Amino acid sequence: MRVIVFLVMALLLTPPVVAAPVVTYEFASEEQEALFNKLSNELRCLVCQNQSIADSNAELATDLREEIYGMLQQGKSEDEIVEFMVVRYGDFVLYNPPMKPMTWLLWFGPAFALLAGFFFVVRIIRRQKKAAVAEMSSEEIERLKALQSEAQSMIKTEDSRDI
Amino acid sequence: MTEEIQKKSPLKRFMPLIIFGLLVALLWYGLGLNPRLVPSPLVGKPAPEFELPLLNASGKFSHEDLKGDITLLNVFASWCYACRQEHQAITQLSRKGLRVIGFNYKDKAADATAWLRQFGNPYQVVAQDLDGRVGIDWGVYGAPETFVIDHNGIIRDKRIGPVDQEYISEKLMPLVQQIRSEQT
Numbered sequence: 013m014r015v016i017v018f019l020v021m022a023l024l025l026t027p028p029v030v031a032a033p034v035v036t037y038e039f040a041s042e043e044q045e046a047l048f049n050k051l052s053n054e055l056r057c058l059v060c061q062n063q064s065i066a067d068s069n070a071e072l073a074t075d076l077r078e079e080i081y082g083m084l085q086q087g088k089s090e091d092e093i094v095e096f097m098v099v100r101y102g103d104f105v106l107y108n109p110p111m112k113p114m115t116w117l118l119w120f121g122p123a124f125a126l127l128a129g130f131f132f133v134v135r136i137i138r139r140q141k142k143a144a145v146a147e148m149s150s151e152e153i154e155r156l157k158a159l160q161s162e163a164q165s166m167i168k169t170e171d172s173r174d175i
Numbered sequence: 122m123t124e125e126i127q128k129k130s131p132l133k134r135f136m137p138l139i140i141f142g143l144l145v146a147l148l149w150y151g152l153g154l155n156p157r158l159v160p161s162p163l164v165g166k167p168a169p170e171f172e173l174p175l176l177n178a179s180g181k182f183s184h185e186d187l188k189g190d191i192t193l194l195n196v197f198a199s200w201c202y203a204c205r206q207e208h209q210a211i212t213q214l215s216r217k218g219l220r221v222i223g224f225n226y227k228d229k230a231a232d233a234t235a236w237l238r239q240f241g242n243p244y245q246v247v248a249q250d251l252d253g254r255v256g257i258d259w260g261v262y263g264a265p266e267t268f269v270i271d272h273n274g275i276i277r278d279k280r281i282g283p284v285d286q287e288y289i290s291e292k293l294m295p296l297v298q299q300i301r302s303e304q305t
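Protein chains in written order, with our numbering: chain L, 13 to 175; chain E, 122 to 305.
So that you can see chain L by itself, here it is in the shape it has in the complex (with noise of 0.2 Å):
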């Protein structure tokens, strides 16, 4: 049993094997070479949608990964590489998306929900604040009054003994 046990631990702690794509690319200088990895980086497998192009062992991936560093071989700029994919996929290619009316709510919209909550919220706690005010009748404000200083004259008569 406890070997069992110990088995199964184990195999809980041994790293998941990432499978990287294996085919490996020769890059004339080293600025070609991280202008292609932010590319394959920045845009979306279209076959597995949550994986990068780079991430992706999907055939149309790797395909794509062929047509990315050949345009890097031929001079292209990274402006015209986007522009290729965006041509033919779409935006959504795009990690990263870019902003035009259509996006306005995907860019703008957590930070308004977030100014809107504040908003809401002081709101909120300064209608209360006043509600607590003008709910005492002037009889409560009085006792309230009463109360205090009773309670300091109390306090008072406590600091004298204790000295």
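Simulated from the structure, these hints should not be mistaken for laboratory data. Bear in mind that the values here come from a model prediction, so they are computed numbers and not experimental data. Virtual Cβ for every residue (Gly too), placed ideally from N, Cα, C. A few of these clues could be false.
Dumping the calculated DSS-like pairs for lysine-lysine here, alpha-carbon to alpha-carbon at most 27 Å [to be verified]: (1) E:K166 with E:K181; (2) E:K166 with L:K112; (3) E:K188 with E:K227; (4) E:K229 with E:K181; (5) E:K133 with L:K141; (6) L:K142 with E:K217; (7) L:K168 with L:K157; (8) E:K133 with E:K166; (9) L:K88 with L:K112; (10) L:K50 with L:K141; (11) E:K292 with E:K217; (12) E:K217 with L:K88.
For the chain E half of the interface with chain L, some residues (derived, Cβ under 8 Å), not all of them [unchecked claim]: (13) P162; (14) G253; (15) V255; (16) G260.
Keeping the supplied structure of chain L fixed, place chain E upon it in accordance with the hints.
Using the frame of chain L, we list chain E on its own:
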């Protein structure tokens, strides 16, 4: 404090509930959407330029050959299971007189030939995109996909996934009629 609440207008009282309801509706709608249906930016644009060899025939097929009549460009492959599912619908469209061109995506000629022999060949011609290079230009990211191209060579619609009766009656046929009316 309770009096305070009752003084509020009913609209104000139910505001949080209304906002919550709207949010639920929005998220519920979002859940129902299929993330695989990525709208193609190519719809409304001329078909990308290409030239591909034909399967079991000499000659080539290019974007120029798409012009002249309404064409369905059906992306299929022998390895694609969903393609079998839609094959009957595609065959039916072809029998009705629509021009259907096969786009054999990332396949082998022998496999595709055997597949067509088994399930029937509804295609006028089959263009072979063995390495999927032209497929990239068309924004293909799987099979089956079907493009509707009008007589001017403009892509009018892209169907992602199998063509079924619902798609044919609700989208394809009205679109074909519209294009025909533009033609005359």
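Hints, one by one, checked against the model:
{"no.": "1", "hint": "E:K166 with E:K181", "in the structure": "holds (23 Å)"}
{"no.": "2", "hint": "E:K166 with L:K112", "in the structure": "holds (21 Å)"}
{"no.": "3", "hint": "E:K188 with E:K227", "in the structure": "holds (24 Å)"}
{"no.": "4", "hint": "E:K229 with E:K181", "in the structure": "holds (17 Å)"}
{"no.": "5", "hint": "E:K133 with L:K141", "in the structure": "holds (19 Å)"}
{"no.": "6", "hint": "L:K142 with E:K217", "in the structure": "violated (76 Å)"}
{"no.": "7", "hint": "L:K168 with L:K157", "in the structure": "holds (17 Å)"}
{"no.": "8", "hint": "E:K133 with E:K166", "in the structure": "violated (49 Å)"}
{"no.": "9", "hint": "L:K88 with L:K112", "in the structure": "holds (25 Å)"}
{"no.": "10", "hint": "L:K50 with L:K141", "in the structure": "violated (53 Å)"}
{"no.": "11", "hint": "E:K292 with E:K217", "in the structure": "holds (16 Å)"}
{"no.": "12", "hint": "E:K217 with L:K88", "in the structure": "violated (46 Å)"}
{"no.": "13", "hint": "P162", "in the structure": "holds (4 Å)"}
{"no.": "14", "hint": "G253", "in the structure": "holds (6 Å)"}
{"no.": "15", "hint": "V255", "in the structure": "violated (11 Å)"}
{"no.": "16", "hint": "G260", "in the structure": "holds (4 Å)"}
When each numbered hint is compared with the structure, violations occur for hints 6, 8, 10, 12 and 15.
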